[in-house]
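Model the full structure from these sequences, guided by the hints.
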Amino acid sequence: MSGLDKIIARIADESAAKAKGILDEAQKKADAIISDSAKKTAEECERINKKTDTLVAGTKEKGETSAELRMKQIMLRGKQDMMTEVIETAKDRLVNLSDAEYADFIIKLFEKHKPSRNAVLMLNDRDLKRLGNDTFDKLKKIAEQNGAKLMISDKPADIKDGFILNYGGAEDNCTIEALMEQNMDDLLDKVKDILF
Numbered sequence: 338m339s340g341l342d343k344i345i346a347r348i349a350d351e352s353a354a355k356a357k358g359i360l361d362e363a364q365k366k367a368d369a370i371i372s373d374s375a376k377k378t379a380e381e382c383e384r385i386n387k388k389t390d391t392l393v394a395g396t397k398e399k400g401e402t403s404a405e406l407r408m409k410q411i412m413l414r415g416k417q418d419m420m421t422e423v424i425e426t427a428k429d430r431l432v433n434l435s436d437a438e439y440a441d442f443i444i445k446l447f448e449k450h451k452p453s454r455n456a457v458l459m460l461n462d463r464d465l466k467r468l469g470n471d472t473f474d475k476l477k478k479i480a481e482q483n484g485a486k487l488m489i490s491d492k493p494a495d496i497k498d499g500f501i502l503n504y505g506g507a508e509d510n511c512t513i514e515a516l517m518e519q520n521m522d523d524l525l526d527k528v529k530d531i532l533f
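Mind the numbering: the sequence shown is residues 338 to 533 in my numbering, read in order.
Just so you know, the hints here were simulated from the structure itself, not pulled from any lab data. Mixed in with the good hints there might be a few duds.
No more than 25 Å apart at the CA atoms, straight line, and that leaves these computed lysine-lysine pairs for BS3-like [what the hints assert, rightly or not]:
1) Lys428 <-> Lys397
2) Lys449 <-> Lys486
3) Lys428 <-> Lys416
4) Lys409 <-> Lys399
5) Lys477 <-> Lys466
6) Lys397 <-> Lys449
7) Lys478 <-> Lys492
8) Lys365 <-> Lys355
9) Lys409 <-> Lys397
10) Lys451 <-> Lys397
11) Lys416 <-> Lys451
12) Lys449 <-> Lys478
13) Lys376 <-> Lys399
14) Lys466 <-> Lys486
15) Lys376 <-> Lys365
16) Lys409 <-> Lys449
17) Lys445 <-> Lys486
18) Lys492 <-> Lys477
19) Lys451 <-> Lys428
20) Lys449 <-> Lys497
21) Lys399 <-> Lys387
22) Lys451 <-> Lys376
23) Lys428 <-> Lys409
24) Lys416 <-> Lys397
Here's what the structure looks like:
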């Protein structure tokens, strides 16, 4: 081997060793970058998973809360509908009492609202016909005992039930509808206590 071949071989060996060193160093840097990237990717995945879990838990909780609220609203509406139905049924039963029972009801209602001054009792056409003179006499007697004179209007009033006491301009509305409306809160409380 000549001197030139030896120099070339030595340069080639040194170049190969230097290239190997550069490649080894580059491989170390690449491995470090890959390891760091894998670590950062794992941390980011963990962060995203935690955030997703938190969002899912929050969404689930909101969904459960919303469903609970909706269920409570449906239950409340159902209870309100039941109470209204009970009151309407009671009102229908009052209106559809037998003539004798209805006359007793009107007398009791009149006793609670008896006039303390002269008044005209106004009834609808049906009640004018079904109550009769005996009931009217009892109503007049109750008014007299309270110091008032009661006239029964022979002209039918435009009401569904009950009566109106007219004091010459001022009126006391004693229809079942008006009385129930005036006492609706108490009625609802009583119905609620019975039903629930």
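Results of checking the hints against the structure:
no.: 1; hint: Lys428 <-> Lys397; in the structure: violated, 46 Å
no.: 2; hint: Lys449 <-> Lys486; in the structure: holds, 16 Å
no.: 3; hint: Lys428 <-> Lys416; in the structure: holds, 18 Å
no.: 4; hint: Lys409 <-> Lys399; in the structure: holds, 15 Å
no.: 5; hint: Lys477 <-> Lys466; in the structure: holds, 17 Å
no.: 6; hint: Lys397 <-> Lys449; in the structure: violated, 58 Å
no.: 7; hint: Lys478 <-> Lys492; in the structure: holds, 21 Å
no.: 8; hint: Lys365 <-> Lys355; in the structure: holds, 15 Å
no.: 9; hint: Lys409 <-> Lys397; in the structure: holds, 18 Å
no.: 10; hint: Lys451 <-> Lys397; in the structure: violated, 62 Å
no.: 11; hint: Lys416 <-> Lys451; in the structure: violated, 36 Å
no.: 12; hint: Lys449 <-> Lys478; in the structure: holds, 14 Å
no.: 13; hint: Lys376 <-> Lys399; in the structure: violated, 34 Å
no.: 14; hint: Lys466 <-> Lys486; in the structure: holds, 22 Å
no.: 15; hint: Lys376 <-> Lys365; in the structure: holds, 16 Å
no.: 16; hint: Lys409 <-> Lys449; in the structure: violated, 40 Å
no.: 17; hint: Lys445 <-> Lys486; in the structure: holds, 18 Å
no.: 18; hint: Lys492 <-> Lys477; in the structure: holds, 17 Å
no.: 19; hint: Lys451 <-> Lys428; in the structure: holds, 22 Å
no.: 20; hint: Lys449 <-> Lys497; in the structure: holds, 20 Å
no.: 21; hint: Lys399 <-> Lys387; in the structure: holds, 18 Å
no.: 22; hint: Lys451 <-> Lys376; in the structure: violated, 92 Å
no.: 23; hint: Lys428 <-> Lys409; in the structure: violated, 28 Å
no.: 24; hint: Lys416 <-> Lys397; in the structure: violated, 28 Å
Hint check: violations occur at hints 1, 6, 10, 11, 13, 16, 22, 23 and 24; the rest are consistent with the structure.
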